[in-house]
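Engineer: Build out the structure end to end from the sequences listed, making use of the hints.
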Amino acid sequence: MAVKVIFHVDENHKWELALKNAGNLLKAVGKNEARAEILANAEAVGFYRKKDHNKETAELMDDLHEMGIIFKACNNALGNFKISKDDIFPFVKIVPVGVLDLALKQDEGYAYIKP
Amino acid sequence: MAVKVIFHVDENHKWELALKNAGNLLKAVGKNEARAEILANAEAVGFYRKKDHNKETAELMDDLHEMGIIFKACNNALGNFKISKDDIFPFVKIVPVGVLDLALKQDEGYAYIKP
Amino acid sequence: MAVKVIFHVDENHKWELALKNAGNLLKAVGKNEARAEILANAEAVGFYRKKDHNKETAELMDDLHEMGIIFKACNNALGNFKISKDDIFPFVKIVPVGVLDLALKQDEGYAYIKP
Numbered sequence: 001m002a003v004k005v006i007f008h009v010d011e012n013h014k015w016e017l018a019l020k021n022a023g024n025l026l027k028a029v030g031k032n033e034a035r036a037e038i039l040a041n042a043e044a045v046g047f048y049r050k051k052d053h054n055k056e057t058a059e060l061m062d063d064l065h066e067m068g069i070i071f072k073a074c075n076n077a078l079g080n081f082k083i084s085k086d087d088i089f090p091f092v093k094i095v096p097v098g099v100l101d102l103a104l105k106q107d108e109g110y111a112y113i114k115p
Numbered sequence: 001m002a003v004k005v006i007f008h009v010d011e012n013h014k015w016e017l018a019l020k021n022a023g024n025l026l027k028a029v030g031k032n033e034a035r036a037e038i039l040a041n042a043e044a045v046g047f048y049r050k051k052d053h054n055k056e057t058a059e060l061m062d063d064l065h066e067m068g069i070i071f072k073a074c075n076n077a078l079g080n081f082k083i084s085k086d087d088i089f090p091f092v093k094i095v096p097v098g099v100l101d102l103a104l105k106q107d108e109g110y111a112y113i114k115p
Numbered sequence: 001m002a003v004k005v006i007f008h009v010d011e012n013h014k015w016e017l018a019l020k021n022a023g024n025l026l027k028a029v030g031k032n033e034a035r036a037e038i039l040a041n042a043e044a045v046g047f048y049r050k051k052d053h054n055k056e057t058a059e060l061m062d063d064l065h066e067m068g069i070i071f072k073a074c075n076n077a078l079g080n081f082k083i084s085k086d087d088i089f090p091f092v093k094i095v096p097v098g099v100l101d102l103a104l105k106q107d108e109g110y111a112y113i114k115p
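Residue numbers (full-length UniProt numbering), protein chains in the order written: chain A, 1 to 115; chain B, 1 to 115; chain C, 1 to 115.
Among the hints, a few may not be true.
Where chains are identical, the list cannot tell them apart; a pair therefore holds if satisfied intra-copy or between any two copies.
[To be verified] Below 27 Å or equal to it, Euclidean Cα-Cα: the simulated DSS-like pairs (lysine-lysine) are:
hint: 1; residue 1: K93; residue 2: K4
hint: 2; residue 1: K82; residue 2: K50
hint: 3; residue 1: K93; residue 2: K20
hint: 4; residue 1: K85; residue 2: K27
hint: 5; residue 1: K20; residue 2: K85
hint: 6; residue 1: K82; residue 2: K4
hint: 7; residue 1: K51; residue 2: K85
hint: 8; residue 1: K93; residue 2: K27
hint: 9; residue 1: K27; residue 2: K82
hint: 10; residue 1: K14; residue 2: K82
I should point out that these hints are in silico values taken from the structure, not numbers from a laboratory.
Structural biologist: Shown next as structure tokens:
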């Protein structure tokens, strides 16, 4: 049975660690044996803005997305920080309410990890 | 089935986000479809002191309580910070050991969220 | 049925609170009724270095270990911080990937708490 994890990020300075954590998990169990998501809310949705990233970070996120990691953004938070859908990486999935998503995933058997 | 969440706060600077998170959850699913609790331990129990709040914050907490959010304080932490039952908002429920409460609620199927 | 908790520490300044939390949990339910683990990854594995501690902290950790708390370190993190097995307290259990361990324990019914 696949290992299922949802990582929660709500502070920008935690993104680096969260990306490393998620990558290590996938490397350890293999992409077919893991369901890994990263849910960003509060200020951390700002990290999804394409223009704020250098090429290296953009490629890392793209690689992780290719490896199967699902990136999610809280729509409430996007609104609060005046970030539009066009500003963020195209692979980011927008959910209406971040904390509701965190609750629903745990209810589906996902482990919760807050880096 | 109701969405069940326990929010954990142990740092005072996280209270604002925790209150916003809990409010957004209730608005999203409706008060009858949510069981939402906020458990404060360590320094975060200090936020429950009535006298430290302006009218606006006190009303916000009262509103959230009215919407069904259960506020809890760890009794160990209240003791460590020399805060008495009379100092805190009357709607705060005191539990003997905060981390035990967090464990028991997760065992009852509550999702854990640390803002 | 025993109360099962895994505490997650990835910042050094959170260790003091984590040790207090774990100790309070064990005192509350008794060592035979609790399974408590502390999983350290990222910079927090550095706290396990024997030489960095005064006698008091070393004794506190030893006492908690005697009370039944299982201390774990992420091997990835030990490698990143160039810490060898010989540098850390002998009672620390090394796991290959910290976040995988956090996921597996939650899958076994352990509650997750991030102090």
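Engineer: Could you check the structure against the hints above and give me the numbers of any it violates, in ascending order?
Structural biologist: 6
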